[in-house]
Amino acid sequence: MRLAIVLHIFRKDLVETLRDRRTVVMAFVVPALIYPLLFTLLGSVATDKRGELERTRARVAAWGPVPASTLNAVEQQARADIVDRRDQPPADLEAEARKLVTERKVHVVLFTPPGASGTSIPVRVLADSTDVDSDAMERRISRALTDHAAELLRQRMTALGQDVSAARPLDIKEEDLADAARRGASFAAALLPYLLLVLVATSGFYAALDLTAGEKERGTLQTLLTAPVRSVEIVAGKYLAVLALTLAATLCNLGSIALTLSRATAAMETSARFSLGLSSAGAIFLTVIPAALLIVALLMAIGVLARSYREGQSYLMPILLLVMLSGFASFLPGAQLSAGTALVPLLNVTLLVHDILVGKAGATQVMVVWAVSLAWAVLGILLAARVFQTEQVLLSGEKPWRDVFSPSRSGRGLTPGNALAFAAVLLVLTFYGSVLVERRGGVAALILVSQLGFFLIPSLLWCRLFRAPLVDTLQLRWPTPRGWVATALLAAGGWSVGAVVWEQLLRFPGARAYSDWLGELLGKQGRLDLGTALVLVALLPAVAEEVTFRGVVLAGLRQSGSRWIAVVGSALVFGLFHVNPYHVVAAFAVGLLLGWVALESGSLLPGVLIHLVNNGAQVLLDRVPGLAERLHSPLIVVLALACTALGVFLMRGSRRPTAVAPADSVAVSLAAPR
Amino acid sequence: MIEARGLSKRYGEVVAASDVSFTVSAGEVVGLLGPNGAGKTTVLRMLAGVLTPTSGDVRVAGHGTEAEAFELKRALGFLTGDTALYQRLTPREVLRYFGRLHEIPETALTARIEALVARFRLTEFADRPCGKLSAGQKQRANIARAFIHDPPALILDEPTTALDVVTGRFLLEAFREARAAGKAILLSTHVLGDAEALCDRVVLLHRGKVLDQGTVADVCARAGARTLTDAFLARVGDEVAA
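Going down the list, the protein sequences come from chains D and F.
Using numbering that gives the first Met the number 0, the letters of the first sequence correspond one by one to residues 0 to 673.
Using numbering that gives the first Met the number 0, the letters of the second sequence correspond one by one to residues 0 to 241.
Treat the hints as calculated values from the structure; they're not laboratory data.
Just so we're clear, the structure is a prediction, and the values are computed from it rather than from any experiment.
It is possible that part of the hints are untrue.
[Said to hold, decoys possible] So, partial list: chain D residues that the calculated Cβ filter (under 7 angstroms) puts toward chain F:
#, residue
1, H7
2, K11
3, R217
4, T219
5, A226
6, P227
7, V228
For glycine and all other residues, C-beta sits at the position ideal for the given N, C-alpha and C.
Go ahead and model the full structure; you've got the sequences and the hints to work with.
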């Protein structure tokens, strides 16, 4: 893929889209205007109505023997006009009361059953809660009645020579712990996630449609296909253009919504206040990015299937509905970010934005949602890329889906795309599977099942699916003698260097707690004998994870033609599987070394050995009392550093010289391969 | 320069092209003639590397579609009724965009754009959005786009259809000039008069198969006709009757 060509396509598509007034208006102008207008209008209507209600006198019908003093208190304190029908109570009280309220003859009906007497006179207050006026007046009348009852009680207690508190053994007062800012945040947390997701989808909707179905309809996509451009460059350029527009529109509108909500909550009766701090706004925007990556990929993949703009609108409507449904979760009181919901695309973003706003989100939650959303986004982007490589789709043929998912398209060997797809599938599988296994079998079962079931077996199946020869893909060959020496030195020194790096990471806030949690988790292995613990924590991960990350993922990324992309990409993927930010950083660093070793040695075995010794050393350090202190001495650390440096020096260029097959960098036809 | 060898394209049970073979040499104009639905567009798309043949082989300037589609596209200028211009870009912007996609250096590209603007008389509307141009102006800009990388081979599908006589003649003259410059041109057209006037050889295509090919005189002689139109009607009519 040529970056310059991608940028030319990106720039052209961006300019062309920004010259389309409809797209600009729908993406920027309408959302920027609609929120302030909507909230201002609603706020103004609500304020007018409140003022009108305050000025209006309540109309109250009194039926049955309601005490005159009570009516008098209502009349005075609630500013009410009494329709006195105490002598004519209706036969069907509720039906008659409903009729009077519906016909707006009265707001509220007070009723005391005929014959009521004694020290406690029942007074029923009948109102219609679905009628704004009746509901508001009911609150006013009830307040007046409560005050009047309190006054009557005070008079009676005084007559008895008692203090009023004697009749109130518990003096109950309800107080809200949430201050105005928290109440405002709670209000925004219900609304903002939904608005943001819908905003992302609507911002990208018209741009995606215009650059896919619109281009097909106008015939310009075929013009582009005649140029020497790879389909992956076309999809990347277009994707970036739509993504840039979507994110720009989202950012503008996030500000607009935040300001609008700030003003709206300021006008609320409940004295709630909302203001979005820069860090929260940044966190929310960062959280929305992977959601935008996925939504834009889906819009592009589905949009290009349509043969015309109109057809595209109907194709994309389900995506909009899907996004709206996911966003709707923020209104549901029971919906919470959990191990399960964190795996559901878009829903997890909704719940995370909600938690960020109410101040409940932690770094781990953000990382998990980011990693999972990114995995889904990679799958979405790969789907879009695959659709764009289908000639039946690009040339407006019949039944384009048939060609998109035709099994004959699976080529021989791995590519960067399917390596990333594999990582994404694995990430989702691992998260789902871990939750299920951990609940039923504990940590030992979790390690066993995850290493075999989530890493080793899927890796071998993936190679088989794409007909990738195992020996070449996994580099199942012996290193050179020099490679063996380098491996031994790196294995001997690497674990100690790793331990020093880990110690440094523990200085950061929150890292110690995570380390303790991890130690406690692995401490459960204490019930196992040393041999079993070494197999589970050292041998199994060393084999399975190396086959997955330095085998399948690295082999696919190697086809990009760049060693940097292969090493850094596989290390990033390896890091993301460790979820916690500190563990991600540590695993990324280890992944860089192991990826580089795999390329330099031309073999998977050195990585397996280094991984094995590193994990095994951690088990021994936990099990053997006093070993950690002895091995962390400055002399040992210096020796370990020297071993590592010498190992790196020797490892460089230690692979066997082989006849190198040309990389898959040959230009690919825009048409689908036969 | 342009070579089709046994080209076939099937969509399930539908055969769009069957065993189509012909060549176009440098400095030659070959007409691809056939009624609607004959499979001309399918053949042209396969030659341009936009569509993958079910079987057969394509070579343009020595490059095949399978492994060298990239080089093939560099060697080819392609214009069909389906290759439209970006409505919100100006002709000058379209030319610059495609020049960049062909990786022409910026300085050379600017000179090339100005030369094409002058050659195809685009000056008057070169900075006006393509969506606001007349059909003739659009076609001139589109042909300039096909020439931007100075390709040795050109595939032109109905380049003069729906154009006024003046613009049509102007473009035919431009094609003659390109032939004189040594370019290989494959011209697909319904205007048999244009084909007779411009083409060195013709290929008659019907129902995805080649019915005949050769010089206009040879094709007419084999069909026992005096003009290309009569020959075309005779051959296609025979096929329809059969």
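Here is how each hint holds up against the structure:
no.	hint	result
1	H7	holds (5 angstroms)
2	K11	holds (5 angstroms)
3	R217	holds (5 angstroms)
4	T219	holds (5 angstroms)
5	A226	holds (4 angstroms)
6	P227	holds (4 angstroms)
7	V228	holds (6 angstroms)
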